[in-house]
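Protein chains in written order, with our numbering: chain A, 149 to 776; chain B, 504 to 1350.
The hints are simulated quantities; they were obtained by calculation from the structure and are not laboratory data.
Restricting the straight-line Cα-Cα distance to at most 35 Å, the calculated cross-link-like pairs of lysine-lysine (DSBU-like) are:
#1 B:Lys671 <-> A:Lys536
#2 A:Lys519 <-> B:Lys876
#3 B:Lys1350 <-> B:Lys1093
#4 A:Lys519 <-> B:Lys963
#5 B:Lys889 <-> A:Lys519
#6 A:Lys536 <-> B:Lys680
#7 A:Lys534 <-> B:Lys685
#8 A:Lys545 <-> B:Lys909
#9 A:Lys519 <-> B:Lys931
#10 B:Lys1267 <-> B:Lys545
#11 A:Lys536 <-> B:Lys909
#12 A:Lys766 <-> B:Lys590
#13 B:Lys773 <-> A:Lys322
#14 B:Lys685 <-> A:Lys545
#15 A:Lys536 <-> B:Lys685
#16 A:Lys545 <-> B:Lys679
#17 B:Lys963 <-> B:Lys893
#18 B:Lys893 <-> A:Lys519
#19 A:Lys322 <-> B:Lys685
#20 A:Lys626 <-> B:Lys680
All values derive from a computational prediction rather than experimental measurement.
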Amino acid sequence: MDLMFASLLQYMVYLPLVGFTLSLFMPASRERPIAWLSIATAGIYLVCAILLIAYWLFLWDFHSYQFTVLTLYESHDYRFDISFYFDKVTAIFLFLGAFLSFLVTIYCQNYLHRDSGYKRFFNALLLFYVSYNIVIFAGNLETLFLGWEILGICSFLLVGFYRERFLPVKNALKIFTVFRIADMGLLFAIWLNHHLWHRNITFSELLDSEMVWAQLQEHTTIGIMISLMILLAAAVKSAQIPFTAWIPRAMEAPTPSSAIFYGSLASHLGVFLLLRTYPFWEHLPFIVALVALIGLATSIVATLISYVQSSIKTQIAYSSAAQIGLIFIEVAFGLYDLALIHLTGNAFLRTYQILVAPSVVTYLIREQFFKFVPHQHVGKYGAIGKLKYALYILAVKEFYLDSFVYVVLWNPMKWVGRKLDGISENSAFSFIITSSSIGVICILGREYLPAVLTTAILPTFFAFVGLLMVLRSFTERKNAQFSWMLIVVYHLWVALAVTFYEEANFIELAIYLGGILLSGFVGNATLNQMRIREGRLDWNDYQGHVYQYPGLALIFFLSCLGLMLFPITPSFLGVDLVFTYIRVEQTDFAIILALSYILVGLSLVRMYARIFLGPHIKTNHEIPPRSS
Amino acid sequence: MDIETSFDEHRVLHDLKHYLPAQAPLKDFIHHNTLHAFQNLKFHDACRTATKLWGYKTKLRLDEYRALYESGGIRKDVLRNIVSERKGQDKVDEFINKLINYDYDTFVYPRIGVLRANWESIYRIDLDQLTQPLLFRILCNYLDQGISLWAFPIGNQGFLAALRTMEKESAVSLFKKPRAHKMLVSGDLSISALLRILVGDETLYEQYLYDQQFSHQGWSGIVSVIEDQPNLLLNRKEITLHDLIIFELLLEIDALDAQFGEIWAPMTTKLADRPKLKSLLADVPRTELDEVLETWHDAFEWSYYNSVLTALQKQPELEENSSANKSFQAWFCIDDRETSLRRHLEKADPECETFSTAGFFGVEFYFQPEHGKFYAKHCPAPVTPKYLIKETETHHARKDEPMLSKLSHTLFRGWLISQTLGFASALKLLSNIFRPTASPAMAYSFGHMYQLSSLTIENKDTGDVENGLQIGYTLEEMASRLENVLRMGGLVDHFAPIVYMFGHGASSINNPHYTAYDCGACSGRPGSVNARVISHIGNHPEVRRILRTNGINIPDSTQFVGALHDTTRDEALYFDEEALSPDNLERHRKNVVTITKALDTHAKERARRFLTIPNIKRKPEQVHADVRQRSVELFEPRPELNHSTIAPCVVGRRALTKNIFFDRRITLTSYDYRTDPEGNYLFMAMGPIAPVMAGINLEYFFSRMDNYRMGAGTKLPYNIMGLIGVANGSDGDLRPGLPSQMIEVHDPVRLLVVIEHYPEIVLKVLKKLPPANYEHYLNEWMWTLVIHPETRELLMFKNGELVPFKPIPENIEKIPDWEPIVESAFRAPTTQIVDTTRENLPVFFTK
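Chain B with its partners taken away, still in its complex shape (with noise of 0.2 Å):
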């Protein structure tokens, strides 16, 4: 890229905007890949020029993997056989050499900053300390959701506008000198003229810009993102990052002006190397050391699935569940967590049958609970639903929280407040770390819609339109949403007495990123309802008719029942029992006992990774109290591990995968190839797997390799900022990204996509996607393989193109019962690397 020689204030803004992170306000808080403004380049190439522009570390440290490499979390035989792909085998030993021995210069020298590091170094001021502690708190002020007693006067009013109306007729000034106080109150303000003042030099505008954005790049970016999509916030603000680069620019200037006079001279006017500032976003070049690390990291993910794949290719015959004799169905979401839980459901029951499918389960609208003001989302982020679903005859009055209330900071009421409230709240904190139980300051994903309310899922007329949303679906919108669903996932005979679509959510006290532990698929919700409206839409004796004409035959002793599992608290709670018919209601009695119990085992299995929890070897239900405890404990920063370790995603038929233990890093997506001979529904089924799992598997990935910079650093200094964002304490930069709590144990691998078809099929498919939802695939943001169904070949996705892949020969273990494994499974002490990696069991053959 050439320097620009004039500055287009329309093109650096809007570039600018694709580069600032992209993460909504906490409420809606939705996994992303950190690095999507780099997703037109390869992985690799996108880490390193990340790396170089901005100083994210985008790897592990060399001694990391060399540490790794020790310790047998990198392989020697993979790391061999990538290096001689790559490099030839004669060179094979020299590489490895450097790999292992060779001192690099491993610093990072990012390119940002540089221009404006100058302030520093030759006017010898602290301009961010000067400005940013002020433009912090009027930003916060200004945006803020609800914390402040005082609202930001004239907030109704656009950013700048609000300020210039404040400043215009307030009789103290924000600023310390006249200068920018009349420039703003003036209201000619441009960007590029006060760019004249603070820098002078056109050709260096962009860079300043870049520079100045990214010392705080929390606050630009939800700025960013919020000018972008001001519906996000439920008390909506009128914001854009212009308006925020005129009001720094001027702080800046007046910080100037406070510490000079207006006698100062523009940077450039000083800069004795100006033409050695290179262009920020010039190409990045590759190095050796940026080879070894490349190196080093692929090894490091193929130690893994070179085992993943052996396991799927090298097992025994398949075995179908085709009994006419299923003791249930039940669908569940793609999300991993879910996946594990079905594995110990098929323990429990080997008679019963388990899917996968996204969470919102097909069928996308916003909810109303009764009493709500607003709507809430829930389906993936990219789509924009057409239809409410309203809650209603909840018969529950929500409970406050008095010790929480905003009065407690007024003077007098405070002053009565504390010396009454104060003192229960002595108690209640001492119940609270003695007997912790549900409270009203917790998010809880039972209550996001209560078991007893009633829905409005069917539209009988399609004038009953709220706020330009249908009420309800149609008939025929609730048949297709259905036979997607079930076409989708393979299961169109065979039904069993009862089909469970369960939801997931998660439970959580003093967890600001509570919905990054709810259902991705729901928009960071609770899925209970989307699983309640798919049963209701089962259920439907009109809606069975239509499938029953397009070839589904559900029998009308079939009934679905919607459920809802907490992630956090291994617990189910399942809708409109009553409406089970007396046979169903008995069968529905046994099956709670079987689930129960997975949920059991499944909490002991997750208790192994809780090190608070110091023995798991127990009865499966008293392990399981002690994770459910976590959800209520205001001290537990970990009350689940949410995608944590998450690896291999597999598209295709339970069949697959049931054999074999992936130690709760896998996602499946139920799939049947027989069912879909042109890979219609493969397409459908290919829809989340990029923007949901890959967005979540590349959030951890980065969040993990630099907390600090794309993560959001520990959580237990947290503070809440305007409702929208967290800040590491008092005051400072918003912090996106996943706190330290929630990566810590996690192994940064890409995903690896494993998809059951004909590989011309897939091929086909994978072309048609989308192009922002294909790049993933053809960048190597995520391993991409195809298991031919019949042969199990396997081929891998490389630059558009199919290849035939071997794993190299391995030999997979084979365990009675997953139980012992996790008992006596190593129990991380540290967060290293390699510690945390050796606590990962490897993949064995449960059969």
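So that you can see chain A by itself, here it is in the shape it has in the complex (with noise of 0.2 Å):
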């Protein structure tokens, strides 16, 4: 019986993979096979599915279910398990995501025939079935990490689709930074929770209640720091204040991939990682008492924004993502199985809702027609007026939601950035090869020198330099390939900075730099490539190179995520790793390192998008005009 559960559920974990490896090799012309393949793929997955769910419900008897399928690294203090786990929440997950995206992706198969990237659309589809599916299975922190940060790449993809256009490009680089956020909080978290437990934590081990209560009582701090991290992730992830501004912003792709992603799977997992973390942080009231006012702020602000959309997609996100503020509200409250009911209610109905959006013209003009009262205006003035105009003043301009990652975030960055334009490529050249010897001296002198410095305060100082080289590289709009070695650079001295760990050793810096400088080289001959073909890389604005070297620009892409630490190469296991070797009470060192994990995301993904996509520079061609 045992033994049966798992391993019908070990394939159903592989089963999208299988189908997303597989859609890769399909040829781009023939529709048919692509489109059998991910209906095959979804339809297994779904029989599987119910077929699970129907033997965890009357064999199983409602018990949850965690096993680790395998240890992908392993050394005296440090363990990165893939990790999986099955309950309730994992079974409703299951059934709203297998039974939407087989929907969906029949629905494709016909909506999407003779787009150009028919091919790319199933593809990036399949991955967001993979990523869906890692992680709502995952069984512990680190493995829901992977499926998460996949998710970003997927938005990013399809949100993105129309690479030829100006605002979805534009649209999908906004999301991935506030997704790469939300990331970033849960590599936070899983930081933390490492130095709480000294011991990976699977999510069963959380229902231990007096457990968890005790190693709480101890390391209060660190419990509400890690319970922020989560929480800031699942507010990212479902759009609530202060990161709601997105959700209409991913209205960009084909409309059944915005049904499913924005209007019910993705928006949904900010929910799922709050109950899948609930017996955490339920014992923390201030947390609990955040999330509840976070749902409440949204809900609120979020209806009134839907309420002056006169765009149908907007108006729906936006109401969509004021019930998932009730969600949370009901979350914390501690009212599980009303929140999986209404999610589920709300997933479906947003998802038919955005499905059947276009024919509002028809259906909404003929009630018109029929059904059309005089709209009394009534002027209002005084305090009332004041107030009523004011709120409506607002929530057209969303109460500045949308500018708030900007303010917040990007503009400072910027600002640091452009005080560093005097590291010129000369200057930066002598100052890195200087500087770098520095370091490598002062690691093989390590020995003589005072252990503060050594432990405290160089890691902290190399990991601080190499961020300036991110942030010069983020603002760097000239230079394509001096943009990209900055990237490089600045892993070069992260792994300089871990080096004066004692921990750290040989295989484990191999692993970390292995992945980059295969990428980082991979990724510099394109440029070059792109450069003999083009002339110097002038990325101000957007080129749109990929209309003419789709091939190049997927090399390129490719090299982008193996920098950025995603899981194609082994370097991801590195950044997990990196972060176990700071101390707990080295908090400056670590915001370093997500401060950079976020702006390497972001840099990379701009220089892609500005690189290849948007409107084409060549003007020999139909070129889209830069407001559509």
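Using the supplied hints, reconstruct the complex from the two chains, each of which is provided in its own coordinate frame.
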């Protein structure tokens, strides 16, 4: 029994991955095989899901189930387990996901017919199933993070699906930015968890409420920090305040992918994360109150904004976010089952509403034709008018939520980056050589240096210089290769920084650097090719070179993923490893790393977007206007 | 054109409005020439100008023409012929070498946007991104016809007045900085005062405004249209382009203030190379590349048209159906989708006779469905009717779709709805995907007017007026309308026992452009009401009596039957069948079987272009079932292909085209020169050819040529804005024109009009047309030929004259039957022009 359940569960986990991998090898011009592979994947997945849930319901008696599939890496003080977990929450999300993905995949078969990105779309859709699948089955935060990160890239790919137009690319970048913040939150939570438990904790272990309680009594601050980071990740994914403004901007892709992604599955994953970690943060009244508060604020603000939306998809997006706000409140109050029912209903409703959204013209115009009652406009003056109009204007301006991320994150970074404009290509080169020589000398002679210097000051210092490199890379607009190399150098510096730690060993550094050097090399070679063909790449505005060089664009994109430690090279383990070295009191080091983590991602994706996506700079064929 | 030294706001706005897209809100989508603003120029000159001015791509790419030449899509003999006509016999090889081999700089450097680009290059500020999102939102909210739950406050005031009141009263400003706020509230605003702050130099104001408005031509266009025709919106709005510009300029000033403080200098103070800025609207010189593209393009069009004309000229003796025992006669719209149905009908029953006339059947009126709060226009767009037809006694309740209820967007009811209806929508989705059926959310042609309702057609008291419209027609008005239709089409004797009048409409779901699928001659609505009205008139004994005195004798045994053909589903609906005499009812039952058979085969022929119906080698009724299904599938972006591939347009007797296979590309207007020696009815018949047929053709042409700038892009990510337009995603500009799914298999060729009459009569009639209509012919926005009714000699209309024309001799193949040809036809695997051109079948003789 146990064995059967486990093996079925394993199949479920791998199934989308197999489908996705196969889909990469389909010929792009053949629609049918691509669609049928995707439908088969989603169909088998649905059947397995129903079997699994039935099995669990009738024979397994609602028990939760945890098992570890493999250990990716193990050292004396660190393990990276790929672990899975099944319980009621998984069951609900599994059914929801399997059911909707299956329907939407069938829907897309004809809907996408003759779209030039047919294969790319189904690849992205299957990759989305992979990531969703990993997230809902994840048995520990590390595994969940894996899926979470892939989900961010999928969003970028799907929102920016119409990559030849300006607005989809711009919005994809915007969404990637906020999602990257969520990823960082999880990464931070993993790091803190490691220090809280001194081992890899699984979700089933969190159910031991006495143990959690005892641990939290002792380390309340860390507990609150962890919960805050998890809440950050959840709030971003579920478009809660202050991150709500990304969700309407995600409505750039073909309608069914908007429906499944932002109408239902992806936007409810924040709730999933909260439900998953509920046994942990329910002991912290402050966090419980905060979850409820965020939910409340979102439900009110998002409802107001949705009231003034005059475009159908943004209206649905905001009203869905408002309902998720209510679900947050339900979760905070421990109304577990209500939250599950509510989120399932909301996901179904919004998926359907987005799918029939283009019909509102017919439907509402007919309704207007037969039921129109002229609106009675009553001019309001005085205090009520002041308030009413102010609310209206605030709602139209989305309560400034859209500019929020820019103001708090993007602009300061740009400001600092511009201060570093003085670092030119030449001076950077000599600076890198000198300072890294100093670094190497310090490492070689670390026995002769005072301990406080080698364990606390120097690592942080080198990481900080690395961060400066990233910031400089972030604002560079003229020389792509220079910008690229700065990111590679950043990673080398982080490696340098952690070498000061005694725990650091050669294998771990090799894991960390291997993928980076490889991606760094390939990416640089691609940029070099582009320079030979197109001259110096001035990427002040979008260049759209993917039109002419789709192959180079793909290679460069993969290099970017490698360099941002995405799980396509072994280096993705590295970032977790590096984090484990950092001691809990070295918050400054951790913050620097977390900031760099966000910035490296942004800098790379933006570089890719600016060079390869957007309206093509060559006007010898049809180019979309910039306002579309 | 010289640069104007002083800025004349009135003139500039007037001209600007002329150039902006002129597409009405979605519910009144009517095809028109996308480049209508350049119609005063010759076609190729207009294209070149539009390309240079606005950056529109008006031709295929040079490499596409060359690929067409390689693949045979452009014929060698046709190309040689055209080149030798234009360049002289001795230069043929030299020029053809250029056409095929020369490298040209094919980059387009449009003039629009050059001035405003200085914000980016000198001030390092992306003004569009800083102003457009808020501008579009405010515009959309103001114009919204019923999406938002919280309507624009004081939306009953004019746009700028409403904004001013709101800004004055509100605790929060629309702007970031005080200057723009003060200016708006003070009300002392003029475009030139604002431009002085932004631009400085008065000579550049005009260009700045063009740059600005063309950076979002969709929104500017709709504002301009609503300014001119406020009655297009059911929920009336008072907006002008002037108001939009004022608000946009204020937003720009505000964005610059926010970035630099109030101390920034106007743009022109920083322009180093101002003298080089050319006047935007100055003439565009013709380059060798232009000549190359024009030659290629004409060769592309004539590679098809040569066969069309050869077939018309060389076919054997015309056979007319003068049998006294016609089974029935059927009238259709001149729409190309109806022309192909006529062919199938005549095949299914050789004893029948078909006619075509503009689908409003000469009866122009407003229609008010029962319980409707408004009137819907049922005639060509330029006509303003004085009549009203009301529907009564429908006994039908219109159904609602609860999942589209706006209540689901409120917080608490949304909470309830998502937990209840939410689960129902899962089931709904399931059934929608596996068993799609009609739903209240769809546009359904048969639902436009109920089959069993009554209409108020006859006016017995001229005092019977509602809102300035006379309810129904008087006897004389009825008689003259019927007579016009019959005489125009040449049906004045030999009436069959039943005369069907087929209107047409379409059915689709998830389709914001649904009105573009309906009858253009009925202002984008199904023609069922018109068909029923004209049949009622035809059956009226008093009307027949008047007609009899005018020489048209409709036998008492003849009955007219109004009907509707659904072009998407290929289904027919008949009205007032109970009025048929027992004999005719018997005949009608038989005819319905014939017509159904024709609809099956017609659907099968259509299906060959639907790649998602992979197997068409099946029985027609089986393929028809698949075709029918498309109209109710949520996930079907191409329920039908509408006017795609539309090309020749013949005005003449049916006998002229009856035995030629034109692959659903032709549109026909029934006209018999013998009943109209003076050309009076020809004048009437030619009325809709340019505005309706060339309008359709040119909209398809330009949407196909540049789907990004003159078309609406792919419909897959559409977002509905305020029920008036579509945007490609969450925000952004409105996208006028046609979605790529409607035009992707269309061959962009101009309409070829062939008129059957004596040359001198045709010339007289053409020159009598109103100037805006005549421009189409004179400036070559369509090819115009006359076919001599007796000698079948061809003459081409060129620069206001008719000159003899001889097609290059070629052999037209004869086929026994359409079915094997269609079944084995090439099916374009991609939408590349070479593939889609190959998908078109050549011209065949069928007898």
